[in-house]
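**Q** Protein sequence lines, in the order shown, are assigned to chains A and B. The opening position of the first sequence corresponds to residue 1 in our numbering, with each subsequent residue numbered one higher. The opening position of the second sequence corresponds to residue 1 in our numbering, with each subsequent residue numbered one higher.
Some hints could be false.
Computed Cβ-Cβ distance ranges for the label pairs, DEER-style [claimed, not checked]:
no.: 1; chain 1: A; residue 1: Thr300; chain 2: B; residue 2: Val396; range: 39 to 47 Å
no.: 2; chain 1: B; residue 1: Thr425; chain 2: A; residue 2: Phe186; range: 29 to 37 Å
no.: 3; chain 1: A; residue 1: Leu4; chain 2: B; residue 2: Arg118; range: 25 to 33 Å
no.: 4; chain 1: A; residue 1: Pro365; chain 2: B; residue 2: Glu423; range: 40 to 48 Å
Derived list of chain A stretches under chain B, where covered just means 3 residues or more per stretch with a C-beta under 8 Å from a C-beta of chain B [stated by the list, open to error]:
no.: 5; region: 22–28
no.: 6; region: 405–419
With the C-beta cut set under 10 Å, the calculated list includes, among others, these residues of chain A facing chain B [said to hold, decoys possible]:
no.: 7; residue: Gln176
no.: 8; residue: Ser178
no.: 9; residue: Arg216
Honestly, the hints are just simulated from the structure, not real lab data. Cβ atoms here follow ideal geometry from the backbone N, Cα and C, with glycine treated the same way.
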Amino acid sequence: MKALEREAADLLIIGAGLTGMAAAVFAAARGIRTTVAGWTRGGLSFASGTIDILGVYPTGERKRWEDPWAAISTLSDETPDHPYARLGADRIRLAMDEFLAIVAGAGLPYRTRPGRNVLLPTAAGTLKITHGVPETMWAGVDALEKRARTLIVGFEGMKEFSSTLVAEILKARLPQISHATVAFPFAFMGRDRHNLLLAETLDSTEVRARVADAVRPLVRGFDSVGFPAILGIGNSRLVTADLEEQTGASIFEIPTMPPSVPGQRLMNSLELVMVRQGVDFRLSRRALRVEPSGDRLIVTLAGKEGQEEVIDAGGVLLATGRFLGRGLAADSNGLRETLFGLPVHQPESREGWHRELFFHPEGHPVNRAGLIVDNDFRPLGGSGECAFQNLFAAGSILAHQDWVREKSGAGLAIATAWGAVEAFRRMQDARSAGP
Amino acid sequence: METQVLIIGGGATGTGLARDLALRGIDCVIVERYDLTAGASGANHGLLHSGARYAVVDPSSARECRDESRILKTLAPHCVEDTGGLFVAVKGDDENYVADFQADCESVGIPAKMLTPREAIGMEPDLAEGIIAAYLVEDASINPFRLCVDNAAHAVRLGAKLLTHTEVVGFDRSGDRIVSVRLRSSEGEELKVRAGQVVNASGAWVNQVAALAGVNTGAVLSKGTLLVTQTRITDRVLNRLRPPGDGDIIVPGGTVSLMGTTSRRIDDPRDYPRITSSEVDLIVSEASKMVPLVQNTRFIRAFAGIRSLSGSGSAVEDRSFSREFALLDHEKEGLGNLISVFGGKLTIFRLIAEKTADLVCEKLGVSSPCRTREEPLPSSDTGRWIDPREERARWVRSHGEEDTLLCECEMVPLSVIDRLTSELTTLHRHVDLNSIALRSRVGKGSCQGAFCAFRICAHLYDKGVYTGREGIDELKDLLHRRWFGLRPVLWGRQIVQEELQEAIHCGIFNLDIDPLDEGNHPS
């Protein structure tokens, strides 16, 4: 039987979510020959598309922070096991700056208030605390701060967006808020309107003009107009700017229930960067097994049709996520890491996984379970030493964090990806420097 | 408001009693603190007992089940799926019990056909290879929600009044009689009802209600936990052939299976009794002795019902308390027009209602025969979407273009939500996500309401039913309630689903830190 040809890579990233893609663009920027292999596109489809760094700490007190960097410093002092603590505020800032510059370069700029968290309205009428906001959502941040006269506009047939709902709940914050619903000026079959489909349709100038026509008469008397976050997929800034020009109002997007269009835009931008940088990006791949070979790791991947590929990698970055990503798996007895069988830091028994209150401020202990890493983001093995010199881990698979409650999802992904890539590079440099 | 009979409790007993009395031409009012089936009537196995389970240990119970299950199959077929049942024993089960089973069934007139293990496995391919005995019986699956909703609807059609989301807060006594009952609605409205007779059919709350009247029922409370699978794993009801114990029964419930149960004494009724991982593990372990694939099956939720049991003394094992019901005339305690009725099983609810109605009539000095042995239970409009086998098919064939599915897992269209909303507004003056969920299959599928609850909430805002924060607060409440059922079964694929839910509700929407107080936000 013919042995499969081994394909070489400096760094193989397993996992194609935000963590994996961020690591890939960081690695490529450093001249590291990178392959990314993942089964799905990760969690961005189920996210808002904003860049959360740290909004709440400690979660038990529900304490919100104006300054995410000050929050990170305090968190790092008090919880040295937190992945953020392994980096510190300064290095996290470097990582975020680099990331935002990269995606801006790919046509997806984010705006921040330097050194500050901001609030923006969501489709549930709630306020979301975050740091990096897509340009197309920024006017919503402004509208809240200035208590602007705001109109929320929804489209008929969007089951999960009700402008009435948003306005009714936000009226406590924005006294001069109103709402309207317009028909989507495009002939779809049936009544259902899927977010991504609507967004694509709005990329068309013609459709946009019709939307503007429908909305223009309603806008009189309002400074800001909020739409569900479906304003284009290819060039949302253009779509938003165009609508602003045609209606004469500030336009902002409101994050919706999944599928997330802003999340998709971020995925698309990162994919564009990876392509430009020559990253070998392979979707629909599962990692079957890994074997060490000298100071390299040989990883066998399987594709959708069962075809196998073998990657001979100088280093591997595990960015496989938690249960959704299948990086971790749970049976009724405990949690395990699915590829290497690495030890998973976890509560003593299943009874301690989840608290009785869904919205318990301290969150659920199982969410803080995961891989323990050293300061080089290498996961520890059974003996308490790092499992492999050339195995790294980043993202939500790491222990001692609860990104959902801390409001730190994107920050965790990006910063730890950066930390792991930097550590890989140090390892690479040390190896080429010789014994 | 004035009535002949005030019934406290909207479960199977209360609604069954109201229908029985209404059929006898007696005026009655049902008062229910939450919505129908809020107690054990909405948290049970859904099992229509053939009686075989009690043939060995409790022959008179067995006969009652035999008779009542046949009556319900005949008079309420739309609430019943006549699945048939099996009793199976595995190695290590009590061989004497197995040996006596068929004879004991026959002696109470309950058919129990012996099968070879091979035959049983032929009928239910997922049965364990090593079963040592099997019998075919006439067990069936019954939908308790539809049953109660239909009983209540028929009673109302015949002139009864149903007050949901209304709590009893006190009794006005004069001498040895209750003169009026003081009620409070969930909106805070106070109301007094003058009643000739009062029936306390409040299930797990019988003691609380009795105490308000200054009397005692001596009821003891026992919690029973059940697990719900994502897919139906057996065609028939499956019983363990041994003295009744924990984890004995797997009952099909439409597209899912319910397995359990347990029996844990508790002191106070709670809305959501705590389900421990040891109970869950025990149920999985016992059920998998009959059907090994249970070890790897996906559970979508767990729930626990609280039974009130009659009997006195200090029996250690709750199963030794009678499942026989208690019908207490508080005349003996100096209150001439209060009756408490509790205990029993869902299967014999009609009989319990009949006996209670007989006593009520006697005390009213009215002679009117029971008609519920003969009158078919009409299928109500409201109840049609609770177990919508035919309705769904009809909708697929002929729905309007504008009609869309608000719940995709369970195929519940917008038109049904609108109809239920309008009904709830007219009849109950109270619409909430939970009441809609009760009368449809919203939230019963694998996402357990995570997506559809939001959609329905959005729709109700569009319709002007919700204003201000009402809808979001109710959504959070729904998520909170749903959690009690999810938490005990969060592993495997279900924990993946839950990670997604938290990402959406806490990650995108920040519902966990909502509302943000004015004085405590960054900007």
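**Q** Hints broken by the structure, by number, lowest first?
**A** Of the numbered hints given earlier, those the structure breaks are 3, 5, 7, 8, 9, listed in rising order.
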